[in-house]
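Chains as they are written, first to last, in the numbering used here: chain V, 1 to 117; chain G, 1 to 241; chain B, 1 to 476.
It cannot be assumed that every hint is accurate.
Partial selection, computed: residues in chain B whose CB lies under 7 angstroms from chain V [stated by the list, open to error]: (1) Leu35; (2) Phe39; (3) Phe41; (4) Met42; (5) Gly45; (6) Val123; (7) Ala135; (8) Ile143; (9) Gly146; (10) Thr150; (11) Met289; (12) Glu293; (13) Tyr366.
No lab work stands behind these hints: they were computed from the structure. Quantities reported herein were computed from a predicted structural model and do not represent experimental measurements. Glycine residues also receive a C-beta, built at the ideal position from the N, C-alpha and C atoms.
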Amino acid sequence: MSNIIYYVSFIILGIGIYGIVSQKNLFKQLISLSIIDTAVNIFIVALGYVEWGEAPIYSAITPVANFVDPLPQALVLTAIVIGVGTLALGSILLVHINEKYGSLDPDEIRDIREVVE
Amino acid sequence: MRRVWAILVAGVFLYFLVGQFLPIIPTFGNVDLFTRVAFDIINKSTTTNYNAVEFKKSKDLEDGSANVVTSIVVNYRSFDTLGEVSVLFCAAIGVGILASMLKSKKRIEFEEHKVLMISTGIVLPLILLFGAYIFIHGHLSPGGGFPGGTTIALGILLLMLSNNEFKVTDVAKHVEQSAGAGYVVIGLMGMAIGGVFLINFLPTGVVGNLFSAGVVPIVYTFIGFKVGAELSNVISDLREG
Amino acid sequence: MIALLIAVPLAFAFASIPHERLGRYFLPFVALFNLVCLFFFMEPGQILEVGRWPAAYGIALVLDNVSYPFLIFVNFLILMMALSATLENRYGTLLLVLTAAVNGIILTGDFFNSFVFLEIISVIAYIVAAHKDNALGAFKYLIFGGIGGTMYLLGAVSVYVKSGTLNMGYAAFITDPLIVPTICIFFLITFLVELKVLPLGLWAPDVYSNGSSVTPIALGSIVTVSLVYLFSRIFLNIFDLPNPQLVGILAMISIILAELGALKQKNLGRALSFATISGVSTVVTALSMRESEIASAAYFYLFNDVISKFILFTLFAYLGERGFKSNKTAGIAFTFASLSVIGFPMFAGFWAKYYLLKALFQASSYALPAIILIAAVIEAGYLIKWNVELWYKGEDTPENTPKVQDGEQDSEMENEANEVEESFIPFGAQIVTLLLALTLVVIGFMPSLVHNQTMSIANNVLDFRPYLDLILRGGM
């Protein structure tokens, strides 16, 4: 059971996928996408753990270089920023949709579009 | 019916992850760093022979920052950081374009609160100072340009919450543009001085000093300003309608 | 020198912020600069290690015989788009960053770097897709594309865990038959979303039919070409497809469903977007068969498909409602492009389908040729119907049916109406569509110009030795 952190991140990933497919409200789909991003970031950082390793910074208290893997941490830095950019764009698109159709529920939106056409 | 589909899709994907993907990756903590590139990056020996790095003693190594993650993000894989800066840039421009196309410009108003106004006056300079500390010391302690810029943007958000007439002006746009152009210019200067794009052309100094690691603190300062200005622009665009 | 292809557009993008319209004027010059650099100052067979770190530790930009033709094609398309599209607000800045990102994703030799460039392209695509008030389609694309990007990240990280480095050349040394399919399934999901193969490509009709002159061309032509390059690089050169027959069958079903979907559409934009889905699915099916003749025909088909759809979408954006009565030259370009998509003998499309069918028969595969022929018949059905409708639009309106009653007055008003209507399509778009239509005719008579190039691309992409030599020569 030492892989428990992997299982935790997979469960969160599963919750996110369940959210995107089953939820109808568009905002909930956006939040599920953000949950998927978080789960993947947790998983990647966990891939770099070395047992008894320390944070990869040379300082007065780490004279010997017994570090965890720093490369996944650098990858996650970039991935988090990309997730933030996507979330910001999704939010402003939702403001547009809400202004045009009056609601964020795809059934109501489809009714309004059919009335217009 | 949707829920059945959702459970089916999530179940199939989780079965694939746990049944096929999990067996091929090493168990948690059981990583042998010698088989990965990370070993040479930690010991700063990608172009030289192995030599143990000592804090405050090793001088003029190929990369001088004490924070190994910073050395990856800004030195070894600096091209990725340039791309990441472009992602934020495009997202900020996109929010600006889409927010200006909204037909009903409703500004979100906040309630004025005496306690918040007074305490903001005390706390705001400390927040900005802390944010600046994070990105200036990016090569010595955890953090760097991105958390530093975010903290500065949080300070601006606090100012927005406490003071209803505060507007983020065009100064933020100019700061963002010059900081971004500054990063590309440093890359092109590396091309002019060292012959290769984004090469570290300043001396790297002693590991652990403030003035060390060549171009890294300069790049992180640019990134800190750029991220701070960008996130302030995004928050202000989302607020002004 | 190679890095200038990416750094110069990025620098100009940052420089175009002060004034809103600057980006629009910088774009053609930047594309022209890239083309000049590629033709006169660079030769295939180069590698640039960014920052002078060795290839396994840092990022390597590789210019070899496969990426060189793709780069020329993509920069040429960007130049054409810069002259023909109407860009407002700050779309010029975004398209400059798109230029940098598309060049980057073709040049790069590193998995995480290609992920970052893929995300830049995705973020720009979400914004461009929301053009002309299409926020709902853009949001659907955002959800699909966000999942695709996350899967690509998982794939890149598993490459790192198994091979110790993120470099594409070194990653080719993973050959364990249990590990490679698992890693490739992650990449496959991303490409099924981005290359519009049908179960996961349902965002495409909503995004491409917004009637804008920028969106279908930037996303449907330019981004698709660069992603087909990345698909060939990962699945034909470095790794293997996890289950080629299954991918082939999925893409073939996608072709048929897309053609049937296009038949029922009443909106020309949606019909054209379904046609795009079917075209790219054909390319994916052909590429999944790993034969050099079939792959070369697939690249020829992509060339024809991208250029025809460029013309069709541009003319739909400008003239979709008005028909061709007053824009006969634009109408001729539209008809040429539709005939090329169907595969009529005087155009490039005929040679594309001919080479593809010939290569498939040589490889004794009969399912795909049957599907291509059925799809061609359906395409002929709806494209000819749309052509007739657009050429004769406005013939049944009451103003045109009465015989000459006010003689000269009538013809004067008609001349004025003609002059006013001619200005609805900008001069740049007219020139570009005519030029591309002429290209289709020229290639129709001399297919060997393109066919030799695609044969060399296919041979080089299926052989991993030149690529590995180029990267390992940098030393380790």
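Hint check:
Against a cut-off of 7 angstroms between C-beta atoms, the interface hint on Leu35 (chain B) is violated, since the closest Cβ of chain V lies about 30 angstroms away. Taking 7 angstroms as the C-beta contact cut-off toward chain V, the hint placing Phe39 (chain B) at the interface is violated, the least distance being around 34 angstroms. With a least beta-carbon distance of about 31 angstroms to chain V, the hint placing Phe41 (chain B) at the interface is violated under the 7 angstroms criterion. Because the smallest distance between the Cβ of Met42 (chain B) and any Cβ of chain V comes to about 28 angstroms, over 7 angstroms, the interface hint for this residue is violated.
A least Cβ separation of about 30 angstroms between Gly45 (chain B) and chain V goes past the 7 angstroms threshold, and the interface hint is therefore violated. Because the closest C-beta pair between Val123 (chain B) and chain V is about 6 angstroms apart, less than 7 angstroms, the hint holds. For Ala135 (chain B), the interface hint holds, the least distance from its beta-carbon to any beta-carbon of chain V being 4 angstroms, beneath 7 angstroms. Restraint check, Ile143 (chain B) versus chain V: the minimum CB separation of about 6 angstroms is within 7 angstroms; hint holds.
Residue-level restraint check for Gly146 (chain B) holds (minimum Cβ-Cβ distance to chain V is 5 angstroms; threshold 7 angstroms). The interface hint given for Thr150 (chain B) is met, as the beta carbon of that residue sits about 5 angstroms from the closest beta carbon of chain V, less than 7 angstroms. Taken as an interface hint, Met289 (chain B) does not check out: its beta carbon lies about 31 angstroms from the nearest beta carbon of chain V, beyond 7 angstroms. With a cut of 7 angstroms, the hint placing Glu293 (chain B) at the interface with chain V is violated, because the nearest CB-to-CB distance is about 39 angstroms.
Taken as an interface hint, Tyr366 (chain B) does not check out: its beta carbon lies about 37 angstroms from the nearest beta carbon of chain V, beyond 7 angstroms.
The structure is inconsistent with the numbered hints 1, 2, 3, 4, 5, 11, 12 and 13, although it conforms to all the rest.
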